[in-house]
Amino acid sequence: MSAAVHPLLRAKRRRNALRTLGFLSPWIIGFSVFFVYPLLSTVYFSFMHYNGINPPTWTGGKNWSYVFTDYPFFWPALRNTLWLVVVMVTLRVVFGLGIGLLITKIKTGAGFFRTAFYLPYLAPPVAATMAFVFLLNPGTGPVNHLLGDVGLPTPGWFTDPHWSKPALTVLAVWGIGDLMVIFMAALLDVPKEQYEAAELDGAGSWQRFRFVTLPNISPIVMFAVVTGVIQTMQYYTQPLVAGKVASGVIGNSGQQFEPGYPDKSTLTLPQLVYSQGFQHFDYGSACVIALVLFVLSMAFTALLMRRRSGFLSAED
Amino acid sequence: MTQATLARNTPARGAAPGADARARRSLRRRRTLHWIGVHALGIAAAAFFILPFVFVLLTALMSDNQALTRDLWPHPFQWSNFSTVWHTPGFLTWWRNTLLYAVGGTVLTVVSSLPVAYALAKFRFRGRNLVMVLVISTMMLPPQVVIIPMYLFWTKQMGMDGTLWPLIIPMAFGDAFTIFLLRQFLLTIPKEYTEAAKVDGCGELRTLVTVIVPMIRPAIAAVALFQFFYCWNDYFGPQIYASSNPAAWTLSYGLESFKGAHHTNWNLTMAATVLVMAPVIVVFFFAQKAFIEGVTLTGVKG
Numbered sequence: 001m002s003a004a005v006h007p008l009l010r011a012k013r014r015r016n017a018l019r020t021l022g023f024l025s026p027w028i029i030g031f032s033v034f035f036v037y038p039l040l041s042t043v044y045f046s047f048m049h050y051n052g053i054n055p056p057t058w059t060g061g062k063n064w065s066y067v068f069t070d071y072p073f074f075w076p077a078l079r080n081t082l083w084l085v086v087v088m089v090t091l092r093v094v095f096g097l098g099i100g101l102l103i104t105k106i107k108t109g110a111g112f113f114r115t116a117f118y119l120p121y122l123a124p125p126v127a128a129t130m131a132f133v134f135l136l137n138p139g140t141g142p143v144n145h146l147l148g149d150v151g152l153p154t155p156g157w158f159t160d161p162h163w164s165k166p167a168l169t170v171l172a173v174w175g176i177g178d179l180m181v182i183f184m185a186a187l188l189d190v191p192k193e194q195y196e197a198a199e200l201d202g203a204g205s206w207q208r209f210r211f212v213t214l215p216n217i218s219p220i221v222m223f224a225v226v227t228g229v230i231q232t233m234q235y236y237t238q239p240l241v242a243g244k245v246a247s248g249v250i251g252n253s254g255q256q257f258e259p260g261y262p263d264k265s266t267l268t269l270p271q272l273v274y275s276q277g278f279q280h281f282d283y284g285s286a287c288v289i290a291l292v293l294f295v296l297s298m299a300f301t302a303l304l305m306r307r308r309s310g311f312l313s314a315e316d
Numbered sequence: 001m002t003q004a005t006l007a008r009n010t011p012a013r014g015a016a017p018g019a020d021a022r023a024r025r026s027l028r029r030r031r032t033l034h035w036i037g038v039h040a041l042g043i044a045a046a047a048f049f050i051l052p053f054v055f056v057l058l059t060a061l062m063s064d065n066q067a068l069t070r071d072l073w074p075h076p077f078q079w080s081n082f083s084t085v086w087h088t089p090g091f092l093t094w095w096r097n098t099l100l101y102a103v104g105g106t107v108l109t110v111v112s113s114l115p116v117a118y119a120l121a122k123f124r125f126r127g128r129n130l131v132m133v134l135v136i137s138t139m140m141l142p143p144q145v146v147i148i149p150m151y152l153f154w155t156k157q158m159g160m161d162g163t164l165w166p167l168i169i170p171m172a173f174g175d176a177f178t179i180f181l182l183r184q185f186l187l188t189i190p191k192e193y194t195e196a197a198k199v200d201g202c203g204e205l206r207t208l209v210t211v212i213v214p215m216i217r218p219a220i221a222a223v224a225l226f227q228f229f230y231c232w233n234d235y236f237g238p239q240i241y242a243s244s245n246p247a248a249w250t251l252s253y254g255l256e257s258f259k260g261a262h263h264t265n266w267n268l269t270m271a272a273t274v275l276v277m278a279p280v281i282v283v284f285f286f287a288q289k290a291f292i293e294g295v296t297l298t299g300v301k302g
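Just so you know, the sequences run in chain order A and B. For the first sequence, counting from 1, position 171 maps to 171 in the working numbering; every step adds exactly one. For the second sequence, counting from 1, position 159 maps to 159 in the working numbering; every step adds exactly one.
Watch out, some of these pointers could steer you wrong.
As the list claims (entries may be wrong) - With the C-beta cut set under 7 angstroms, the calculated list includes, among others, these residues of chain A facing chain B: (1) T81; (2) A286; (3) L303.
To be verified - Distance windows between CB atoms, simulated: (4) A:D189 / B:A23: 19 to 25 angstroms; (5) B:M160 / A:N16: 56 to 62 angstroms; (6) A:K105 / B:I281: 22 to 28 angstroms; (7) B:Y193 / A:S205: 41 to 47 angstroms; (8) B:R22 / A:L214: 34 to 40 angstroms; (9) A:L188 / B:Q157: 47 to 53 angstroms; (10) A:R19 / B:W86: 50 to 56 angstroms.
Read the hints as simulated data drawn from the structure, not as lab findings. Cβ coordinates follow ideal geometry from the N, Cα and C atoms, glycine included.
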């Protein structure tokens, strides 16, 4: 086929290829310089002993075995992530769907309710976290005052290792606006005829939800769960800031804050990359943790792409 | 049992006109109850979402002693808290830095991502799906994965420690999420438009700028807003590159040190929190239409 191609056509093809390359060039440069090169470099450093001052020296698998066996923060961070995946992601999806359902049923003042439900999602994470550390402050915060007034237990929230993750979960459920919007759009897309048919068959409201709504929106539920898992593995700002502010140690200048307060209960993998790399200057094991984070993120992203092939399909 | 069923059914079937009215009335009553139930739930949920803002705002207006008490209502209203925060050394600088990062980053991201998204949506070329897969893969990656080499590159080779440039410059080379969203929008534009422009003698770049860009303005507004919020909220980036130099801090990063400087002064800390939240919320209210349109369009296509 290529032998018979007319010279003019070939010139046109070359022009087209150059044009495509030109349009893609920002991404090609960005992808190579800010992703491929540093990723390869991360792999390289994971086998090196390097503190940023002395030149890197080869250590083989020592960083790897250190992170998985001797480093006391790695497994607690993974356990916390698992806890957050099970509890926080589940609650966010359940409440997101519930709020989405509610908003489709509200007739009066829908605009007000939609804005009210959406707004917390927009609150800058650092500001929202500071606000919740204050609200849930065990001694002086308004939440414990109210709980005490009605005779409920008043937990230590961000200062108690058993309650710090539930406190983070409350904060995460508060900022549920993104899921609400996604679920709302999906719920409005469910064909009305199916509800009418189910009603004619005598289905109650639970049965209509179970046999009409859920099957129709299950791809969106799946999407919400998988992106939730990915976000949870990368959970950084909220647990770090909550720990810092609740502990009273502010490490911006001067004092150093070891992430995880109280008692490693808010540790997550990205915080370990920061801690090992930028507080302990152990770039080698920081890179090992970064690669673990990379592999986990990629695995769930692959799952997402398999499930949602619509991501890729073009018009032709 | 049959007797009882019969007894219950007979009157209803007997008095036909009255029963009809009663059925309608009971239906209306069920609807009213449903309305009340749904809206009561809505109000309870709205309270959960709104009350934290209210508490923060009220505390921001208290005196520092009152902020530690059980009081919920400030007396007197101490409006001066806001000016105290505003005049804290550094606060204005953080504000300026945040604006530079957010506006500069947003403009660069949109300008550099648009041609890439256009090529992925409208050109046919070998490897297009592969590029798409790579774009989506990087979209889901946290910055921590490559931060060690990136930090060494920007500080040791480029000497940019203590500035925000290591965060702004990469945005001139496309952002995966922006490319992905713009491509999804561009797929909804029929081929005829670009082909008509080509017949009129427009090159691809001119077609993009003069024909396509005006058509996808809502999409551009939406991705610009997403990027603006991302920069405004970013904590990790400034923490890595700017922490050594307070003159380069952003609001999100500086806010936390505020708590450190004003130990138990929850009132001032909450006033600062309000001042960091406010711009984002104001931007949202002004751009709500573009925002919702954008999100809805993603929903349609995604």
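Violated hints - listed by number, lowest first: 1, 3, 4, 5
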